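*Asks:* Working from the sequences, and respecting the hints, build out all of it.
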Amino acid sequence: MSQSGNDRLNKEALAEFRADVASWLEANCPLSQRQPIVREEQIWGGRRRVFPSSDAQQWFEACRERGFTAPEWPAEYGGAGLNAECAKILKQEMTRLGCRPPLYCQGLWMLGPALLVYGNEAQKREHLTAICRGEIRWAQGYSEPSAGSDLANLKTKAEDCGDHFLVNGTKIWTTKADEADWIFCLVRTSDVTPKQAGISFLLVDMDSEGVSTSPIPLISGESEFCQTFFDNVKVPKANLVGELNGGWAVAKELLKHERKMMSAFEGMLEKPAMELLELADYAVGSDAQGRLNDAELRSDISRHLMRETALARLGERIYWQGKAKQTDSRLPLLMKHLGTTEAQAKDELILRSLGGEGLSMDDVNVSEGLRKMVKQWAFNKSLTIAGGTSEVQLNIIAKRALDMSSGERK
Amino acid sequence: MSQSGNDRLNKEALAEFRADVASWLEANCPLSQRQPIVREEQIWGGRRRVFPSSDAQQWFEACRERGFTAPEWPAEYGGAGLNAECAKILKQEMTRLGCRPPLYCQGLWMLGPALLVYGNEAQKREHLTAICRGEIRWAQGYSEPSAGSDLANLKTKAEDCGDHFLVNGTKIWTTKADEADWIFCLVRTSDVTPKQAGISFLLVDMDSEGVSTSPIPLISGESEFCQTFFDNVKVPKANLVGELNGGWAVAKELLKHERKMMSAFEGMLEKPAMELLELADYAVGSDAQGRLNDAELRSDISRHLMRETALARLGERIYWQGKAKQTDSRLPLLMKHLGTTEAQAKDELILRSLGGEGLSMDDVNVSEGLRKMVKQWAFNKSLTIAGGTSEVQLNIIAKRALDMSSGERK
Amino acid sequence: MILNEEQAILRETAAQFFAEKAPISQLRSLAGASEGQGYDPQLWSEMVELGLPGITVPEAHDGLEFGWMGLGAIAQEAGRCLVASPLMSSVVLGQNLLLNCGSEAQIATYLPSLMSGETTATVALDEGRFFNPDAVATSDASGLLNGRKDRVLDAGQSSYVFCIAEQASGDRGVALFASSAEGVSIDSRRTMDLHSAGSILLDGVPAEDTVWLAGDDVEAGIQQTIDQATIVLAAEMMGSAREVLERTVAYLGEREQFDVKLATFQALQHRCAHMYCELELAESAVSAALTALDQVAPNVSLLASSAKALANDCFTLISSEAVQLHGGMGVTEEMDIGLFLKRSRVCNQLLGTSSYHRDRFARLRGF
Amino acid sequence: MILNEEQAILRETAAQFFAEKAPISQLRSLAGASEGQGYDPQLWSEMVELGLPGITVPEAHDGLEFGWMGLGAIAQEAGRCLVASPLMSSVVLGQNLLLNCGSEAQIATYLPSLMSGETTATVALDEGRFFNPDAVATSDASGLLNGRKDRVLDAGQSSYVFCIAEQASGDRGVALFASSAEGVSIDSRRTMDLHSAGSILLDGVPAEDTVWLAGDDVEAGIQQTIDQATIVLAAEMMGSAREVLERTVAYLGEREQFDVKLATFQALQHRCAHMYCELELAESAVSAALTALDQVAPNVSLLASSAKALANDCFTLISSEAVQLHGGMGVTEEMDIGLFLKRSRVCNQLLGTSSYHRDRFARLRGF
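Protein chains in written order, with numbering that gives the first Met the number 0: chain A, 0 to 409; chain B, 0 to 409; chain C, 0 to 366; chain D, 0 to 366.
What the hints contain is simulated information worked out from the structure, not anything from laboratory work. Predicted model only: the values in this text are computed from it and were never measured. Check each hint, because a few of them may be wrong.
With the C-beta cut set under 8 Å, the calculated list includes, among others, these residues of chain D facing chain C [stated by the list, open to error]:
| hint | residue |
| --- | --- |
| 1 | PHE264 |
| 2 | GLN265 |
| 3 | ALA266 |
| 4 | HIS269 |
Label pairs and their computed distance ranges (CB to CB) [to be verified]:
| hint | chain 1 | residue 1 | chain 2 | residue 2 | range |
| --- | --- | --- | --- | --- | --- |
| 5 | D | ALA30 | C | GLU255 | 48 to 58 Å |
| 6 | C | GLU255 | B | PRO331 | 51 to 61 Å |
| 7 | A | ALA248 | D | ARG362 | 50 to 60 Å |
| 8 | D | VAL259 | B | ARG329 | 21 to 31 Å |
| 9 | B | ARG399 | C | GLY169 | 53 to 63 Å |
Where is the CB? At the ideal position from N, CA and C, for every residue including glycine.
*Replies:* Written out as structure tokens, the structure reads:
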């Protein structure tokens, strides 16, 4: 058959798939699950999972049965086994209907993709299936209190004791570790240099004796993150992923997927109570010509909106460059620093606009929507720290984009 | 005699001195020499000196005869031999009448004070006298093209040839070297480490064979600075000041005096054609309430004026701390960086205000006063570079004021 | 600041006192108290014993007359520990408004109990979302006092309220009433910096419960009080900014990354050096303003605006950088850095943002 | 920028051409010419041979129709060498105004000689100290054209002037006249960036020497031309900013101080990285605006203002930092860094400062 004939057939098959998926979604996604998601209603799965509503449970279970919690994973591990084209169609149809993600899980976004590459058959069968089915909730154990940006400097030690590793140390910034069942960890299994070459990737059941966890209260009043302690924890050798001392490669594979999956969900997030312009008009008012009464604020908002739009366009440039095979590998290095810095600039504009209504996160005299903005301002101070500080980003940009040699000591 | 009796006598003597000086100034300083000085009318002395007017010459010669070109230097070297109290009175009286400085010379401000400490008798007798009398104009030979902020890294070499040194190399940023007669130089006389320990302080007659000089055109259209070249220049051993390889100490003594003397003259400078506020009003106009029509400019000018005032107050704090013996040695470290940065911020505000009238330094359709502002904007870009770059200032502040250790490589 | 001998001793005493009696942990312990409680009364009575309410009060009124520079020094020390106390609400605002606007008889009636700590007062000035003292709608026009006041510091713990309001005559005045008076409802809340501010609803406060301050020039007194409070708040903010910068530099000196101390990284050194420059520049503006208060100089308002605008910008910068340079720990409640951050943003709104003061400065300078 | 194949070839050709024929030394050689000469006519005729005047011109008018992205790419390459040519004055402003506002007959009359380089044109728009296209006082009210125009690019070398003026009807129009017409006095000067701009005094230009452009919607055509020129100027500025950043980074990589390369100092690395971020951010805004021109998108004005404001701020920042990071050499005429600095400040004033565009952006967005 000719190439174009193949294409036509393929096109027809995709159209059929789209129609099938659309009617399935129509039939299985309750209307309440087609609203923008609020944080409290996310389904995270796990041994202690609780569904926020019976609709949510129904939606989750329907997806689980069709493998739609992990559309691209092989069916044998609980996924739907869809190819990239079909997965994209599914995503488009879900977006079109506004369907909520049926499952949130770090196992889904991060561990799973890495296991598919580096895990052995037994690991894939055990863990991927449990993830897809929302039975096990995972936490990430990378950072340590004393390591900061220097991830490879980790000190949590896994000692080889024949049939098991003995793990001692502590991990910090483990998101919701107090609600997780298992944790994937980078541990030190050798003191060779470079430090990266002595790190292994280990899966730890948090029900094991010697694992404890305590939440870290944040300045936004929340406590998303925890510190997890390992005190003589026995971990079976079977829980080692990849080679002994080969954990750095697994970790890098995993990080590749982190941002991709996270950004896919961003569009689904709850909108703030008011957009910046609406807020500013509410707060300072406008004159007869419709100009905000505070000229400094007006000019600063202009500057921010211009930059925000330019930033979105920078993302598009990267995308289209890729499409056009004119990739400039320097540009992706800039996104995190620029994006997080501008997000914080926006938060400060919001706080300025809020004026006296922005002094508290829990004064019930102020509407909940406005108070959420204040919490957001505080929480977002972590944006330029978590996932690679701005300082590390600037180092990387100087080195890789501008080829400024880093000298020996930096 | 009692202490208070002494004080009274002294007070009387000072009052008498003040009266004497005042009437002498009245009698000897022509009215034309009591106007704010413009750059073109400064008297720099030297072999090729030209007086801008007969009044200027008369005023210079009167001062020279009384030793008032160098009031605190000993009379035997051509000064007036005044003590600090009398010198201050002279300065006050000159300021009161608005008398112009009778002589400008780097020999006066910088070399002289260092020679008084480190020079031998013959050197003092020869050079101090010639300086006071305006017969020799001096240039400073410190910086080198490849050394930048790393002054000790200088490469101009003085080879010991028995009865003389043979000097080879080049000095840059030598102010008006093309009009100077002699140059004082830091030269390398040894390759020991630390580098500072191999530097000597040498006086060189610029009429010597092998010395040549070329002006460096600046972006402001002026060429205040020169590069001076030394090509197998023979310098008598008698021209070494201080110890061989002890030049660093002399250089430091000299730098102490540089800023002090320069700042004493600052008040005498010509005022700009318009102050910033006047200029802004001229350029953008004001509304019925007297507010500048450009809200952004207005806010930025407010910010600048607040900072400018605070900066002046910082200088006063340092002064009064000294008086009150509560000196905070960290504060003086901040003045250069803050002062030069704010001066440049002001220049940018001026350029913004000038709008279309700020596009040229020599368009005769624009008034000379405005064009001078544009030149000033360009010239002042050197403020954060010359005399210790802002980067070096920040290094120093971090190290000395904040005790942040510098590491080995920085 | 240049302090004379007695001011220097005072500062030293205050520094020791706050370090001992009012460390930040003391402030944090308030978080468990009721919403309206913004400070610990026991702490305040000890501060009163130190004589703090009397620092700028003339000796004729049994004050210490140590001057505004002295009070500024204490405010700075309080700022270092983020001390929550009625020093600002009752002393700098309340007492001074009484001294500036009250008749001699009124001063004699109310001052002693304020200075002895028996009573406290606060000033109800703000209305609406932003500080704008020239737009006051609270009014006595109907014979009863009506209006709504916002951001009244320590409103829930004050015996008296000095309320800026329009008098029946149309002139601006200061109405004094007990916080328990008829028609007064106070809703006091803890702000995110763990200090306290509230709104006061005046729903027909009867004339017989109200005393109008009757000094020679009430309007001038109001302006003067606002300038004084603005300057002292700026001084307090500078103390906080200095403390959080010092903590940050110390942290960088301890913490290692990639096998070297963070303090050796040149980029961080330059940022800290920049902050230190901004700190001493703003400090100079505050110090100039305090001096002007002591010398009763004519340009106090101009210097007050400079001081507050520079203090706002400086504290905002330094507290943001402090969080960033502390890395992950900076955004947790395990360290106090986040409290400094929140305090800076609350202070920005109190007595005028930078934008407000730049505009006021320009107005006063006539451009 | 994403370029298609022919645009990429065009860019490459232009880059080689400018590097060879119009390096900055060529610009400097103009400094010796007469005041009114802002570009080298020989250079321009070679640029015409490359087809540069026809890049955005539709094929129907014998243009290349390579699109605005193509023209933007060329402007960037010109910006790298600070090329002085009538590309902006005659092509981006003059020719486009003719195309946007002229009748078919007028286009047929004037376009061919402009595209062939036989004639050049400029646009007289600005009046007064600041760019403010909505306030035009030049008027035909008396039957004779009177007024004064400022910052007319290459005024001294243009055959024609397209003059924005008020018509007898009160509507805004475009008057076309020869620069040699009666009543026209041109005073052209070299600006500090060694380019050329002049003022034009119109002292009763007779109606018979004047042609009013007579397209369908002249007002829309004027707005469109201003947006187009603003965007192309922003693109040119980005080319200059990129060049001067690259020169600076290269200089830091060569130069040693305290025995190490300046490029290894972390504080300088972070400043360069920051500049590079700002560069690519502004570039993205410019690229979005060029795309919008090619797609005849409805929000072109908004994107034009974003592009110019970000380009202004970015080029101002980078050129200032370039001077500083070059140390003493940066303030001398021995290097070209100072020329980039001056060019950035001149460009800020052409077609609107950042402040102007932030205000315009807000107006267009309705806040």
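*Asks:* If a hint holds in the structure, say so; if it does not, say that too.
*Replies:* To see whether the hints hold, each was checked on the structure:
Hint status for PHE264 of chain D relative to chain C: holds, with the closest Cβ pair at about 6 Å, below 8 Å. For GLN265 of chain D, the suggested interface contact is upheld, since its CB lies about 4 Å from the closest CB of chain C, less than 8 Å. For ALA266 of chain D, the suggested interface contact is upheld, since its CB lies about 4 Å from the closest CB of chain C, less than 8 Å. Hint on HIS269 of chain D holds. Least Cβ distance to chain C is approximately 4 Å, under the 8 Å limit.
The hinted range of 48 to 58 Å is satisfied by ALA30 of chain D and GLU255 of chain C, whose Cβ atoms lie roughly 55 Å apart. For the hinted restraint 51 to 61 Å between GLU255 of chain C and PRO331 of chain B, the CB-CB distance of approximately 32 Å leaves it violated. Our hint of 50 to 60 Å for ALA248 of chain A and ARG362 of chain D holds, since their Cβ atoms are close to 54 Å apart. Take VAL259 of chain D and ARG329 of chain B: their Cβ atoms lie about 27 Å apart, and the range 21 to 31 Å holds.
A beta carbon spacing of about 59 Å between ARG399 of chain B and GLY169 of chain C agrees with the range 53 to 63 Å that was offered as a hint.
Of the numbered hints listed earlier, the single one contradicted by the structure is hint 6.
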